[in-house]
Amino acid sequence: MTLPGTTPAGRRRAARSLTYLSLAVASVVVLLPLAVVLLTSLKSSKEMADGSGALALPDDFLNFHNYVTAFRDGGMPAAFGNTAFILLFSVTGTVIIGSMAAYAIDRFTFRFKKLVVALFLIATLVPGVTTQVATFQIVDRFGLFDTRWAPIVLYMGTDIVSIYIFLQFVRSIPVSLDEAARLDGANAFTIYWKIILPLLRPAVATVVIVKGITVYNDFYLPFLYMPSEDLGVISTSLFRFKGPFGAHWETISAGAVLVILPTLIVFLFLQRFIYNGFTRGATK
Amino acid sequence: MNGDDTGTVMTDALGTAARPATAPPPAARGRAPRGVRLWRGLTPWLFLAAPLALLITFTYAPVANMIAYSFTDWDGVSPDLHYTGAENYVELFTRPELFQVFFVSGYYLAASVVQIAVALYFATILSFDVRFRNFFKGVLFFPYLVNGVAIGFVFLYFFQDGGTLDSVLGLFGHHSDRAWLGTSVSANTSLAGVSVWRYTGLNFVLFLGAIQSIPGELYEASELDGAHRWHQFRYIVLPGIKPVLSLSVILSVSGSLSAFDVPFIMTGGATGTETFVIQTVKLAFQFNKTGLASAAAVVLLLIILAVTWVQRRLVPDDKVDLV
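Sequence order for the protein chains is Z and W. In terms of the working numbering, the first sequence opens at residue 1 and continues consecutively. In terms of the working numbering, the second sequence opens at residue 285 and continues consecutively.
Treat the hints as calculated values from the structure; they're not laboratory data. Any given hint could turn out to be false.
[To be verified] Per label pair, the in silico range of CB-to-CB distance:
id, chain 1, residue 1, chain 2, residue 2, range
1, Z, SER22, W, HIS515, 16 to 22 Å
2, Z, PHE142, W, GLN570, 22 to 28 Å
3, W, GLY446, Z, SER22, 25 to 31 Å
4, W, PRO499, Z, VAL25, 27 to 33 Å
5, W, ARG379, Z, LEU199, 53 to 59 Å
[Said to hold, decoys possible] Which stretches of chain Z does chain W cover? Using the computed rule of at least three CB atoms under 8 Å from a CB of chain W, they are:
id, segment
6, 20-31
7, 118-128
8, 154-160
9, 273-282
Glycine is no exception: its CB is placed at the ideal position from the N, C-alpha and C atoms.
Build the full structure now, drawing on both the sequences and the hints.
Structural data, given as structure tokens:
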């Protein structure tokens with residue numbers, strides 16, 4: 001008599017089902033909290049009050065009323081506008097600054113180069129959250145407090161990881177290309193703009209994605225630097241739902257779904273880039 | 285100037301010798317006229333001006349100021365401030381309610397152990413041939429991309445009285461009227477659980493990438509030698525992912541000390557869930573105790589630097605040097 005799991009084949013089958021079981025459990029753990037919020041966002045306030053519980057399905061799957069409320073009363077259009085504005089400038093700035101720094105460090109020899117590299121290296125060890133107490137004073141003195149430029153300059157100026165990503169790629173571009181261009185009479189800026197930057201496209205894609213998602217999701221900097229209501233980005237605007245919509249979970253849920261949805265769409269379309277980007281961003 | 289020499293040091297300092305260091309950078313050579321040479325000497329600085337200005341203004345100047353503020357009683361607004369010596373630091377370590385945040389970090393630290401273990405498990409499983417692999421990979425990773433405020437609300441509803449968790453437990457016949465965020469231990473455990481939910485995906489993808497970069501022949505060879513799955517994991521996978529593992533540990537430590545948005549949104553630091561960053565933000569911007577908050581931030585910075593230093597002593601691997 002052989003019990004299942006005692007023969008090698010049986011054991012392998014048992015291991016296989018355990019594998020799938022654990023994956024299924026993990027998927028439920030990840031997706032259930034999100035799914036419930038999606039369901040809640042489709043319920044009316046009457047359904048919320050009738051005590052049918054969080055897992056009950058909404059009566060009408062096409063009830064988008066809460067989305068309208070969240071969108072209009074929650075100030076979401078302005079929030080998406082502010083986020084887009086900040087994204088555009090901070091991501092473009094990060095790409096230009098990071099690639100310029102990487103180009104200068106990799107392609108030139110100059111005095112104090114070791115010092116400059118050390119400055120960038122050591123800065124990676126200083127987590128941004130710790131220094132905001134003092135950064136705040138500096139931002140304030142520049143008159144940037146409560147403007148959209150405060151987070152923009154901070155996102156641009158404190159992203160050393162991007163510089164490293166660019167550095168990796170600049171290194172892999174053969175110097176002979178620069179030299180050939182130089183013989184043709186191109187100066188350093190032309191070489192940077194016409195040769196290096198276009199060849200950095202994969203690195204630019206990585207930085208744009210990683211930086212874009214980080215900026216889109218950031219709460220800390222907008223919360224500290226842009227207290228004005230009309231300067232709300234999606235994170236801070238959603239945070240403000242807590243007050244007026246206090247117990248209206250259906251509206252808060254709709255707001256949360258509105259914020260998550262763009263991330264999900266971007267993720268579905270750019271999966272491969274995103275995995276690579278975050279792996280590179282964390283390990284390089 | 286010896287271009288070669290600097291080139292070598294550079295590549296060493298950055299840990300990756302992607303290019304042979306023998307090729308002298310073009311700017312180093314050439315017997316050009318003086319003006320041209322001066323211009324060439326200036327060129328790298330033109331490229332570096334903006335990055336360096338931002339780096340110094342928003343990283344180094346704050347650190348220097350913060351250290352200076354930490355020895356004063358400044359309130360962040362008024363023009364007068366007094367030098368108070370190490371008083372802020374003494375206060376930080378002697379007032380128990382200020383010190384408590386370190387215990388809260390303990391929850392997140394414990395959570396990151398769970399997180400790394402879970403991530404490692406799933407990365408190992410999914411590195412083998414599994415059906416719907418991309419789907420599972422995507423599901424496990426997605427929480428990492430979700431907005432922190434949205435996560436805060438999702439889990440506020442999850443732990444709410446009669447919310448997701450209670451309803452699920454109800455399905456299994458377990459009815460509790462327990463307030464999950466009501467007591468300090470329960471609230472911190474719940475918040476640490478959210479942190480596992482949110483960050484496991486990043487660790488998982490990092491591990492998966494590392495495991496998949498291990499050459500397949502190694503597995504085949506070990507199979508010929510009669511190795512089991514466990515042996516393969518122990519002697520092939522584990523050594524292969526060591527750098528990423530140590531990186532994850534570092535990220536976890538600094539992450540658990542700097543936890544902010546989810547606890548801030550879910551509890552606002554109430555019922556003993558205040559983290560280091562929540563406390564610092566409150567001290568600085570609510571109670572105008574810039575001096576004390578700076579001292580707290582300096583302590584946090586020192587801890588993170590110390591942990592990084594220890595990690596680099598233990599795992600001197602150049603791959604993680606760049607982080």
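Would you say the C-beta atoms of PRO499 of chain W and VAL25 of chain Z sit inside 27 to 33 Å of each other? holds (32 Å)
Can you take a look at whether the segment 20-31 of chain Z is actually covered by chain W? Rule is 3+ residues, C-beta closer than 8 Å. holds (count 8)
Between PHE142 of chain Z and GLN570 of chain W, does the beta-carbon spacing fit 22 to 28 Å? holds (23 Å)
Taking the CB of GLY446 of chain W and the CB of SER22 of chain Z, does the distance hold inside 25 to 31 Å? holds (29 Å)
Count the residues of the segment 273-282 of chain Z whose Cβ falls closer than 8 Å to any Cβ of chain W, and tell me whether that reaches three. holds (count 5)
Taking 8 Å as the Cβ threshold, is the statement that the segment 118-128 of chain Z is covered by chain W upheld or broken by the three-residue rule? The restraint on the segment 118-128 of chain Z holds, since 9 of its residues have a Cβ under 8 Å from chain W and three suffice.
Does the hinted range 16 to 22 Å hold for SER22 of chain Z and HIS515 of chain W at CB? holds (21 Å)
Check the following: the C-beta atoms of ARG379 of chain W and LEU199 of chain Z are separated by a distance inside 53 to 59 Å. holds (56 Å)
Count the residues of the segment 154-160 of chain Z whose Cβ falls closer than 8 Å to any Cβ of chain W, and tell me whether that reaches three. With 5 residues close enough to chain W, the hint holds.
The structure fails none of the hints (numbered hints given earlier).
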